[in-house]
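Q: Single-letter residue listing:
2 protein chains.
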Amino acid sequence: MKKISIGLIGFGTVGTGVVKILKKNTGVLRHRLGVPIVLRTIADLDIHSHRGVAVKQDMLTRTAANILDDPEIDIVVELIGGIEPAKSFIMRAIANNKHIVTANKALLSECGSEIFKAAAAKGVDVAFEASVAGGIPIIRAVQEGFSSDRISGFFGILNGTANYILSSMTDEGADFKDILKDAQSKGYAEADPTLDVEGIDTLHKLSVLISLAFGRKVDMRKIYTEGISKITPLDIEFARELGYKIKLLAICRGTQKEVDARVHPTLIPDSHLLSRVTETFNALFLQSEDVGPTMFYGKGAGMMPTGSAVVADILSLSRNLVKGIVNRVPLLTEGNKPLQEIKIKPVKDILTRFYLRFSAVDEPGVLSKISGILGRNHISIHSVVQKGRQTRRGSVPIFMLTHEARELNLQRALKQMDRLAILRQKTMVVRIEDSLM
Amino acid sequence: MKKISIGLIGFGTVGTGVVKILKKNTGVLRHRLGVPIVLRTIADLDIHSHRGVAVKQDMLTRTAANILDDPEIDIVVELIGGIEPAKSFIMRAIANNKHIVTANKALLSECGSEIFKAAAAKGVDVAFEASVAGGIPIIRAVQEGFSSDRISGFFGILNGTANYILSSMTDEGADFKDILKDAQSKGYAEADPTLDVEGIDTLHKLSVLISLAFGRKVDMRKIYTEGISKITPLDIEFARELGYKIKLLAICRGTQKEVDARVHPTLIPDSHLLSRVTETFNALFLQSEDVGPTMFYGKGAGMMPTGSAVVADILSLSRNLVKGIVNRVPLLTEGNKPLQEIKIKPVKDILTRFYLRFSAVDEPGVLSKISGILGRNHISIHSVVQKGRQTRRGSVPIFMLTHEARELNLQRALKQMDRLAILRQKTMVVRIEDSLM
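Line by line, the protein sequences are chains A and B.
Under the numbering used here, the first residue of the first sequence is numbered 25, with each subsequent residue one higher.
Under the numbering used here, the first residue of the second sequence is numbered 25, with each subsequent residue one higher.
Any given hint might turn out to be false.
Identical chains share a label here; the pair holds if one copy fits it or two copies do between them.
[What the hints assert, rightly or not] Restricting the straight-line Cα-Cα distance to at most 20 angstroms, the calculated cross-link-like pairs of lysine to any residue (SDA-like) are:
| hint | residue 1 | residue 2 |
| --- | --- | --- |
| 1 | K411 | V390 |
| 2 | K47 | R174 |
| 3 | K393 | D373 |
| 4 | K141 | I456 |
Note that these hints are calculated values from the structure, not bench results.
Remember, it's a predicted structure, so these values are computed and weren't measured experimentally.
Only chain A is shown next, with the shape it has when bound in the complex (with noise of 0.2 angstroms):
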């Protein structure tokens, strides 16, 4: 190969940050990689503002079939994210032998398999460094660090936007409401931030980890997922008083055969790495058979790292093109053969320990009932603070930590719970990780 020549679909925040790495990186990349990477052609529908960075207009085009069927393409780049028709994008790249570079995660989620299934019929290569913690090198851990190694679990702080209003409310003491709209003005979240504050891209990222993880399909919807929307200043607070953090955390445990897989604001111990990560950082906290507990912490999104994240991918690919090899590395870790579904255990059998807040009239025998209700249902109490502050609705908070006690059991007292007169809204739970290591 004289050159390799890429195609990039979609000009938006990361395509900029690639391009300008592209372009100020052209000298370095060629020395790393011996022959110059060249890109041939944008595919965008904005084809007209500035992105304040300098392409040749003839470099652009509106219509993406200029780069999927353009025979001097060898690398495509799909940036466009979402399902349709970022799909149909690629499916035709990999029909006409081009290889994918892509940080979408949330169609890897969806259809990785099928994708990949597709790639190696085709003999193609499929890299997506980016779709996961950004700018950090996780997919490349998991796939090649840990290659001999077998990971028994992760805990990933893994959505930036999330991340910031989380730390920010416990910086600030604000409400989840302020702290989102401040997060809009400055641009860590959209302006429909469902995907971000209700932990679905989590979930898609932590569906990507353990089909790589175990080498299994992932069917995401039976991984129970919950955002931080409901999460409050309270909340926060009394978790800092008994030395926790809250966290959106993925998490899951197990093996090929079954794993705990989960999204949901999670209480951390202040002890733990994972707790002073911060602002829009992201962490993948794994563990694994024989090298143990390993973190990797960096900048999960933004033009440049994520940028980053995908020129290493074209490097990459491009190497092998240089060498004339492919699928150097299987795309799921356990080789290409077609894709056993792991199973994932349902969220009303897993053991954990639970943060309560009830929100409860002030009167004599209130702890009475709610206790009594706990014990029924097997949930055995391991701290209880009652505070003094009454609230505008005439209503107590009462916090509660249990002993690790069964979900269905919690669930089936949360409804009894829901009948007492004495509480005044819905009881807020909070899983607790006290074991991440």
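Please build the complex by placing chain B on the supplied structure of chain A, with the hints as guidance.
A: Leaving out everything else, chain B in the frame of chain A:
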């Protein structure tokens, strides 16, 4: 290739880990690679001790040449450490067209470019993930994860023994010597701990990382290196009162043209993630142009973590062998051209803040004499604390933090102070890093 044959030289702790992992993960490795990885021969001077893993007696030899000259062996794993005979073994293996996996940081930092040159000339690969930070895939991250980026600096806790000693001194307030004895009894420190506690092992790893990050040869004799044996509980306690931890750091910041690289005990802010790396854990905090700050954390030593990194390297080279390629990623990120030597900034020219502890007689005018000397040497004082505690020798400790100052000026001031009768011991100096990120 129908199988990959391995020859292992050095059946010590890490070698035993490698054998254990190759045995228990035979199926997984075969599944991930497509062909089996077969351990053919183990060379060690001791072929009789039992290591807790069953090995057929006829696989063992006391003669390394039985591996180096065996035409059946594809990959030679060198785990004896030190310069000779490791170097001769590796050079002979390369001459015989064998690929190399090594964990030998001493050898790589001393003779890396010579070995890489010979390997490139012969068309064989050299993998050395296990040489820096054991089970943490740092080498892979630098070589591949940041392949499109420019690294501008890194700060590493790269020696588990030294970190264990400093962490224990911090937790227990005990003396270096007592903790060292405890570490030796637990197997965390060698009978002769010099390499670990005097920073030499950290220097070796720093040199390997500088080579990789900047694509340059390193003359490590030019890198200032200081160990932790002079740190006292007093220093640790005072640092803690000021919001700092003391860590043995490998420090590097700069460009291909020149780096400020050093190894020494360092005061780092409590708020920094690196300050939370305790016990025998290692971590590398990295700064790069596009990705920004990242951190990699895990076990930097031990039978299974380091063994796992060695086996990941074996698998990586095996993937190349199966595909019939070599040198997919150049051994040094800037290609395989003859390496220029990187300039190391002389330590006398660095600018940094200093922690100083004086042992002074308890009489009026002492502070005036000390601050006079500092002032005349252009060192301005940030804060001073004199503790009332008189020691056995009738002196009291005075603690001082300076503003940023030139090292040369500090050394001049220290020389002048050495002549003061009011100072009873040599002044303790620890450099401060406030701006790691």
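Q: Please go over all the hints and tell whether each is borne out by the structure.
A: Going down the list of hints, with the structure as the test:
Proximity of K411 to V390 under the C-alpha cut-off of 20 angstroms is restricted to the intra-copy arrangement: shortest distance 14 angstroms within a copy versus 54 angstroms between copies. When the C-alpha separation of K47 and R174 is checked against a cutoff of 20 angstroms, the pair qualifies only between copies, where the shortest distance is 14 angstroms, while the shortest distance within a copy is 39 angstroms. For the identical chains of this complex, K393 and D373 are neighbours neither inside a copy (25 angstroms) nor across copies (71 angstroms), given an alpha-carbon limit of 20 angstroms. For the homomeric pair K141 and I456, neither the shortest alpha-carbon distance inside one copy (38 angstroms) nor that between copies (53 angstroms) is at most 20 angstroms.
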